[in-house]
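Protein chains in written order, with our numbering: chain A, 619 to 787; chain B, 70 to 673.
Please keep in mind that the hints were generated in silico from the structure rather than gathered at the bench.
Computed from a predicted structure; not experimentally measured.
Warning: the hint list may mix true and false statements.
[Claimed, not checked] In silico lysine to aspartate or glutamate, EDC-like type, Cα no more than 16 Å apart, as pairs:
| # | chain 1 | residue 1 | chain 2 | residue 2 |
| --- | --- | --- | --- | --- |
| 1 | B | 197 | B | 112 |
| 2 | B | 171 | B | 157 |
| 3 | B | 312 | A | 640 |
| 4 | B | 456 | B | 473 |
| 5 | A | 774 | B | 655 |
| 6 | B | 402 | B | 157 |
| 7 | A | 680 | A | 640 |
| 8 | B | 658 | A | 773 |
| 9 | A | 785 | A | 765 |
| 10 | A | 769 | B | 473 |
| 11 | A | 680 | A | 649 |
| 12 | B | 402 | B | 228 |
| 13 | B | 312 | A | 740 |
| 14 | B | 457 | B | 473 |
| 15 | B | 138 | B | 157 |
[What the hints assert, rightly or not] Label pairs and their in silico Cβ distance ranges:
| # | chain 1 | residue 1 | chain 2 | residue 2 | range |
| --- | --- | --- | --- | --- | --- |
| 16 | B | 587 | A | 771 | 38 to 46 Å |
| 17 | B | 637 | A | 771 | 29 to 37 Å |
| 18 | B | 473 | A | 741 | 47 to 55 Å |
| 19 | B | 162 | A | 684 | 54 to 62 Å |
| 20 | B | 565 | A | 663 | 38 to 46 Å |
| 21 | A | 680 | B | 204 | 29 to 37 Å |
| 22 | A | 680 | B | 341 | 19 to 27 Å |
| 23 | A | 663 | B | 638 | 52 to 60 Å |
Ideal Cβ placement from N, Cα and C applies to all residues, glycine included.
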Amino acid sequence: MNSTAPNLPHHPSGDQRFAQLDQTIAHYRHEPTALIQILHAAQHTFGYLAPDVLRYIASAMKLSPSHVHGVTTFYNFFSIVPRGKYQIMVCTGTTCHVRGAPTVVERLGQQLGIKEGQTTKDGLFSLHTARCIGACALAPAITVGEDVYGKLAPDKIPRFCQKDLKKYA
Amino acid sequence: MKRTHILVCTGTGCASAGSFQTRDALLAELAKRGLSEELDVVETGCMGRCDLGPVSMIHPDGTFYKNVKTAEIPQLVEEHFLKGRRYEKLLPTDPETQHLVKTQADFTFFNRQLRIVRDNCGVINPEKIEEYIARDGYLALGKALTQMTPEEVIAEIEESGLRGRGGAGFPTGRKWGLMRKAPLHPKYVVCNADEGDPGAFMNRSVLEGDPHSVIEGMAIGAYAMGAHQGYVYIRAEYGLAVKRLHIAIEQAYRLGLLGKNLFETGFDFDLEVRIGAGAFVCGEETALMRSVEGRRGQPSPRPPFPAQRGLWEKPTNINNVETWATIRPILLKGAEWFASIGTENTKGTKVFCLAGKINNTGVAELPFGTTLRQMIYEVGGGIPNGKKLKAIQTGGPSGGVIPEQFLDTPVEYETLQKLGSIMGSGGMVVVDEDSCMVDFARFFMEFCCDESCGKCPPCRVGTRQMLLILERICRGEGEPEDIAKLEELADMVKSASLCGLGQTAPNPVLTTLKYFRDEYEAHIREKRCPACACRELVHFEIDVPLCKGCSLCARACPVQTIERLGDQKKFIIHQEKCIHCGACFDVCKFDAVKKTSPGIPVPA
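With the rest of the complex left out, here is chain A (with noise of 0.2 Å):
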């Protein structure tokens, strides 16, 4: 596997992230139909995948930076945008929603002083909405990082802000 490594262009900056970038394009042996799955890698890696990565990624793999980019924009997974250290994702799929989801987005965006998709000043959470995470017995809902918070009804909200968010500072 290691041996299609020395044919991939090396970064410049020499930040080893895009080291382990090439090994995960190498892994899908260059394949443009893993695209979607080496963009996820690229995400996990860097935290969003700005133009440089993904220049980085097209030329790596031979597509043309607009299919790349077309590809990204097109999923609601990827941000080409900086994104907190923990996105929360509140779950706003149909149960949530009966269950007071848009009261929830509005409750968590007055305490951490921002509004659906910014970002706290230090960086640490940013705010969004997710379809629907498939955890409807749980709603209210939302994700943080990769944790699965239940039941969190809209009046729930400031305790939730005061003793679990302070988990991830």
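Knowing the structure of chain A, use the given hints to seat chain B on it.
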């Protein structure tokens, strides 16, 4: 041999409630009391009662415990395993009888179910292939490969009457037959695990609880259709399911149940996981295939159907998670057995997700033909807080709402369609009198508008126009001709859109207009929201005699518009600054904050 097994659910629901900590605490407590030799703790997949998590079942006595938090463990172990009596504090209450439920078999939520697809979920450890094999795992694959021809497998599936569980209900056997006859090679099989419908999580529960059943079904399908490569397309949101699927595939390869020369018959089958990236439209099969190919998930017109030209222009068969998981029991127990369950038109069982305003939230597998009333009141335990049922939303954003008067409808593909809704993936979101149907329609339209891929104008532009009208109505700015406009647009979007997303997007609007037209009219003519849910139309006021002056509301108010009434110990809301957020209403312990939607009198 261990005398007792403690099954701890580690599905997403229970995991978020702390079931991994529960498991660790149990193991530590058992070790401390010297019981580790006799008792075993088993992590299982979803048991179906996510709202009571972490849940646990004791095998073999069948005791079902809810909310098994770490703090309760010492007491639980002492009571149940040392003193030999049930720990009543953690027994659930049956909402129907108000009695404590001792065993899983006594619980109406469980004993009304018929578990075929979810037979292993909540029973075996999904991360151990040995446990799956011990429950006849991969026996059906062995049988198909060594004793049956591909044609015989297809005939068996066709005879069973199995219909696709993804929503459309196309006969699976016929679909497989068409694929078998397709002349091009190679062929591909795909599992659609892009469960995007809000309110549906049955696929997640199957993949988390019994991933091998899906792998086995796919291998059987591949053999029947002549494919040697398969893909599971799964949503990125389902982290635990992705992890368990990867583990399961790796274990199957290790035992030679995937890969080359399965069961020494010369049949090869490789399986790969492809993770989606959050696009609802990718649940549509042509869009899904583009996404598997690493491209933008935009649908294309059919025909050509995937069975003719699919992935990389080659014949491709796409089935839903639940369909694949149903293959194994059919081969093991026979088509006749399967066809004896369900209704005339639709055989077998369906996994439903009960969510929303319902007592027993969770995953329940029931035979087709079960009525909505049985589902909501017997299995689901009714509506909480003594509220009144308003409607049931089925089929996600492509479905519709079914009002109370149709509760005795037996559930199957055709009956729901007749009511203007669809089965979809089987999500049932129960809505009570607190939800506004216009807001509900707006919610789904916003969803479809956002998730429209933008390829065809009827969907891209049509859903946006419908959304703008619905938003206006919810704000109290609706005009008398809006209803007619909505109907006209709905008709256009339905008939002219390219794929299923657009063709079904107007359904929630059409069904709410059909069954709850009076709510639309109240919004438009009287500027009133009967459910007091549309923010611009509600009014909050403090009932001064009831106010105890505790100041909770004033502290909760984000715009500081609640102040003391003169020098009294009571509070009032200054209406001019009120943003109608309802924070005061939620915190008041004395019901002193009143929520109304007075509207304006209709001019004569």
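To see whether the hints hold, each was checked on the structure:
About 10 Å separates the Cα atoms of residue 197/B and residue 112/B, which keeps this hinted pair within 16 Å; it holds. Between residue 171/B and residue 157/B, the direct Cα distance comes to roughly 8 Å. Compliance with the 16 Å bound is thereby established for this hinted pair. A distance of roughly 23 Å separates the Cα atoms of residue 312/B and residue 640/A; the hinted pair therefore is violated under the 16 Å criterion. Taken as a hint, the residue 456/B and residue 473/B pair is honoured in the structure, with Cα atoms around 13 Å apart against an allowance of 16 Å.
Distance restraint check for residue 774/A and residue 655/B: the Cα-Cα separation of roughly 10 Å lies within the 16 Å cut-off, and the hinted pair is therefore satisfied. Restraint check for residue 402/B and residue 157/B: the C-alpha separation of about 39 Å exceeds 16 Å, so the hint is violated. With a CA separation close to 13 Å, the supplied pair residue 680/A and residue 640/A stays within the 16 Å bound. Using a Cα cut-off of 16 Å, the hinted pair residue 658/B and residue 773/A holds, with the two alpha carbons roughly 12 Å apart.
Taking the CA atoms of residue 785/A and residue 765/A, the gap is about 12 Å. The hint holds against a cut of 16 Å. Of the supplied pair hints, the one linking residue 769/A and residue 473/B is violated, its CA atoms being roughly 26 Å apart against a limit of 16 Å. Taking the CA atoms of residue 680/A and residue 649/A, the gap is about 10 Å. The hint holds against a cut of 16 Å. Between residue 402/B and residue 228/B the alpha-carbon distance is near 13 Å, which keeps this suggested pair within the 16 Å criterion.
Restraint check for residue 312/B and residue 740/A: the C-alpha separation of about 32 Å exceeds 16 Å, so the hint is violated. Between residue 457/B and residue 473/B the CA atoms are separated by roughly 10 Å; this keeps the pair inside 16 Å, and the hint holds. Taken as a hint, the residue 138/B and residue 157/B pair is honoured in the structure, with Cα atoms around 14 Å apart against an allowance of 16 Å. Distance hint check for residue 587/B and residue 771/A: the Cβ-Cβ separation is about 29 Å, which falls outside the suggested range of 38 to 46 Å.
Range check, residue 637/B to residue 771/A: about 31 Å between beta-carbon atoms, so the 29 to 37 Å window is met. In this structure, residue 473/B and residue 741/A meet the distance hint of 47 to 55 Å, their C-beta atoms being roughly 50 Å apart. A hinted range of 54 to 62 Å for the beta carbons of residue 162/B and residue 684/A is consistent with their spacing of about 59 Å. Separated by about 43 Å at the C-beta atoms, residue 565/B and residue 663/A satisfy the suggested range of 38 to 46 Å.
Checked against the given bound of 29 to 37 Å, the beta carbons of residue 680/A and residue 204/B, roughly 47 Å apart, lie outside it. Take residue 680/A and residue 341/B: their Cβ atoms lie about 22 Å apart, and the range 19 to 27 Å holds. Range check, residue 663/A to residue 638/B: about 58 Å between beta-carbon atoms, so the 52 to 60 Å window is met.
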